[in-house]
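Just so you know, the sequences run in chain order L and U. Anchor point for the first sequence: position 299 equals 299 in our numbering, and the numbering is continuous, going up by one each time. Heads up, our numbering is the position in the second sequence plus 337, with the first residue counted as 1.
The hints are simulated quantities; they were obtained by calculation from the structure and are not laboratory data. Keep in mind the model is a prediction, meaning the values are calculated, not measured. The reader is advised that the hints may include incorrect statements.
[Unchecked claim] Computed, partial: chain U to chain L, Cβ under 7 Å:
1) Leu482
2) Arg483
3) Gly492
4) Leu495
5) Ile496
6) Lys498
7) Asp502
8) Leu625
9) Phe657
10) Leu658
11) Asp660
12) Arg663
The beta carbon of each residue, even a glycine, is placed where N, CA and C say it ideally should be.
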Amino acid sequence: MSAEQATADKGFESASGNLGRRLATSLLSTGTIFLLLFVLLAWIAVLNPSFLEPGPFLAYLKRAAPLVMLAAGAYFVLVSGNFDLSVGSLVTVVVVVSARLIDGDPSKTWPVIALVLAIGAAVGLFNGVVSTILRVPSFITTLGTLLMLEGAVFLWSGGAPTGALAENYREIGRKGIEGFPVLDELPWSVLLLVVVGVAAALLMRSDFGRQLIATGDNDRAARLSGVRVDQVRILAFVLSGVLAAVAGILLGGFAGVSAQVGQGLEFDAITAAVLGGVVLGGGRGSVVAAMAGALTLEALFTWLNLQGISGALEDTVQGVIIIAAVAFAAYRLRGAR
Amino acid sequence: MKVADPTGSETPEGGGPVTRQPGRVAGWRVGVLASPAAPVFAALVAVFLIAWLVVELRGGTFLTVPNIVNMLQRSVALGIVSAGQTVVILLGSLDLSVAQLISLTSLIGSTTMDGSSANVVPAVGLVLAVGAGVGLANGLIITKLRVNAFIATLGMALILKGLIDNQWDGPAGRVPDSFESLGYTRFGVIPVSVFLLIAVVLAIYLMLRYTRFGYRIYAVGGDEDVSKLSGLRTHRTIIAAHVVCSLTAAITGLFLASRLGSGTPTVGPDGGYDLESIAAVVLGGTALMGGRGGVLGTLGGVFILAVLDNTFNQLEVNSFLKDVVRGVIIIAAVAVYARRQGVRP
Chain L
1 MSAEQATADK GFESASGNLG RRLATSLLST GTIFLLLFVL LAWIAVLNPS
51 FLEPGPFLAY LKRAAPLVML AAGAYFVLVS GNFDLSVGSL VTVVVVVSAR
101 LIDGDPSKTW PVIALVLAIG AAVGLFNGVV STILRVPSFI TTLGTLLMLE
151 GAVFLWSGGA PTGALAENYR EIGRKGIEGF PVLDELPWSV LLLVVVGVAA
201 ALLMRSDFGR QLIATGDNDR AARLSGVRVD QVRILAFVLS GVLAAVAGIL
251 LGGFAGVSAQ VGQGLEFDAI TAAVLGGVVL GGGRGSVVAA MAGALTLEAL
301 FTWLNLQGIS GALEDTVQGV IIIAAVAFAA YRLRGAR
Chain U
338 MKVADPTGSE TPEGGGPVTR QPGRVAGWRV GVLASPAAPV FAALVAVFLI
388 AWLVVELRGG TFLTVPNIVN MLQRSVALGI VSAGQTVVIL LGSLDLSVAQ
438 LISLTSLIGS TTMDGSSANV VPAVGLVLAV GAGVGLANGL IITKLRVNAF
488 IATLGMALIL KGLIDNQWDG PAGRVPDSFE SLGYTRFGVI PVSVFLLIAV
538 VLAIYLMLRY TRFGYRIYAV GGDEDVSKLS GLRTHRTIIA AHVVCSLTAA
588 ITGLFLASRL GSGTPTVGPD GGYDLESIAA VVLGGTALMG GRGGVLGTLG
638 GVFILAVLDN TFNQLEVNSF LKDVVRGVII IAAVAVYARR QGVRP
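So that you can see chain U by itself, here it is in the shape it has in the complex:
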């Protein structure tokens, strides 16, 4: 079963994902090329080259350090929350409540800080606790009450939205300058926020690749009943994965608060982080049914979306046309993956 090989990404000696019949793996498709993330990065390179060509032909500038850094920086928020979304999707679940949670945590963070540097640590602690609490609630509703993840997290999104609208009707709180620097300071040319993205993705990558918890996520995503019969405590795994996902949403909320200087009730839904993060994960080659994929592919998916966004902005494409093209690209990309995977087991 696919359970056995959670090596989502680069496996120097691996012979390709176990789901594929050994005979069907082409000779050159070994090593790094055999990893599920490889086609995603190939697509990223292709999109990047095309974007470069198109923008340069139209007289724009694409391959400059500021522009690349700009693209990286705009990937941070979506990248962090998509990394968490990857974990629950690998598990065969999903989380539609992240957008509202991002709004809520940005508000809680900024109002708790209230412009004073001394409050930063308690505020971060409080926000992470709220994130963990929401994730715990999601996980418990899904496992103990046996509510489908789609409905459970959709219901949670409504609950959070109501709480936000009841409490706040506009931007609130103020983050101190020291915290705002998270959004703007740079090491050399690289913004600090990019390191935050790298740290989150790396942590989740290591967790999926080297911990028991990570292996269990792939096992439950592959087949929950088989995992349970093999002695896994599937409920604990599902709950913990939802806590991880909500924590990344909380971190995204904090990051957006530092970027905007205050919390905003609509920052999450306006960014479309719920559906957009799922799109990024699937664009990154992770199967929506769970059990197959990895966080590096997701990062590739996020970068593809960022490159597209940047190109459209440079070409001054109508924002509505942008949506149309994005929709086409998401469907086309996933159609190509589906073709590669052959008949589903």
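So that you can see chain L by itself, here it is in the shape it has in the complex:
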């Protein structure tokens, strides 16, 4: 994959340049997604002028929150040079396990939330250890985890989700802080989205973040310069697992309990990250842009709805736009060289 190689080289070059040049390159490479997001939001606002009012706009952010979490998780794994295909089934596991264990009893909500977060971390740890220490390509590891998780959760629950989520569990995905100035209500999921976004951005500026990017760019060079490559990669998988669990908690409240709740989310998350300029193969991209990619994808769904494109052709348009956006980003990258 020469394109990746070339961009990886470029990333290395710009990192050694001065601050101004670095800023310019990062804006050039990630600016596309913010432009696209802005255009889409403006277009939606033209079609539906009330969209930019606090209520509908917060509803949009609330809808987008789970995908943004997943995109941030996907970013950590992708930028370290791996894939995580297991997040969709992990979301399903979280929702089904929560519903069965809580079974409508509000007092069990917090212990169960702690449990599903632990499950997310454990799955991430497993993915990470198998992919690094056992040297199985992460594509295959996480594909195997996907099969195992889906099989295991339905084996345990007997084929169909049972039980129900308690009201206080569902509120995390649906409700918010009442009486917030200007906005009326600040949804918990939006608050969580901002917290995760800031935390992720700070994390990528820490030693860990730089080591992660160095690992994805060239793991040999990173190892020789003293980065504990395997540990860094395992931690990236754990972050992805935990964020998938958070997304599952939000989706459980927002969308309800079903066996299909996580279906295809792993591809949506990777698509969002790639839309945000993350290069598959690692070493390039910013986490904020990846999260903006998720917002763009959700805006795209909203736009398709407003355009009245029938449900079936929606997939086709989505496919065309994703290919076009990534092609455009590739073109921009070449132009900026």
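Dock chain U against chain L, hints included.
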């Protein structure tokens, strides 16, 4: 470099894949045993023997002609599409659009035939043309637009899914009896469809082993930049390989249409042919990064999955537990390969 030796499979006089340091090759690991496909078939034999033992102990029948033929027949669809998937994975690419393409071609094939034998030839031609067209589009998007293969073929899968859902909402068309016989006729005890699988695998084997195109695939998969600097037209190779892969998906679509009697919108995704075919290829010892492996190993991988499937069915294992065990086996097998290969270059 690994570029030099694409002899993916049996090399009677070969001293083992070039990637391995000569000194590290054990004395007995020469000839057929040195081929990358050898451990796959060793694993197949082991899985087969264990399955045989377990099934017989539980009072089932395993080593009977009908059961073996049944396993072979159930390998056909996955085997054909995995053979094509091998070609693109060897190249360092992959194709996630095959499952939707299988659905689309099964629908186009059966609706064009519409129950009349006279339409079989045009329908087959049309389906192959659609397959080639999709492969060409994939290849062009990957090479000319420089979109990563993962995203390009994922996008293509969405595009095809939308087209299918827009046009059809259930099984459609009907294949004539003459075409349906492809799925059911037998020569002696061997079903015709098994010969179809053998023909496709053989064609791809010969292509990889004896043609320039085959050598170029290994070269590009080994290192695309080096191939380009050595004067290979890498773009053409990538595009052609994607056309081959999509053609095998189209053939699988036709086969499934003949087997089911009509086209179905969900036949591809329900069979999980996209990820399952990649799993079979990797189970068959082909490196996901490209440049190393071969189609015979893939065939071994497909057979391993078929033997497991058959055993689980005979033991009446819960279908969810089946998924769990399959996941464990795929990871474990690839972990063993990774160990054998030593430190990656």
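**Report entry** List of violated hint numbers, smallest to largest
**Finding:** none
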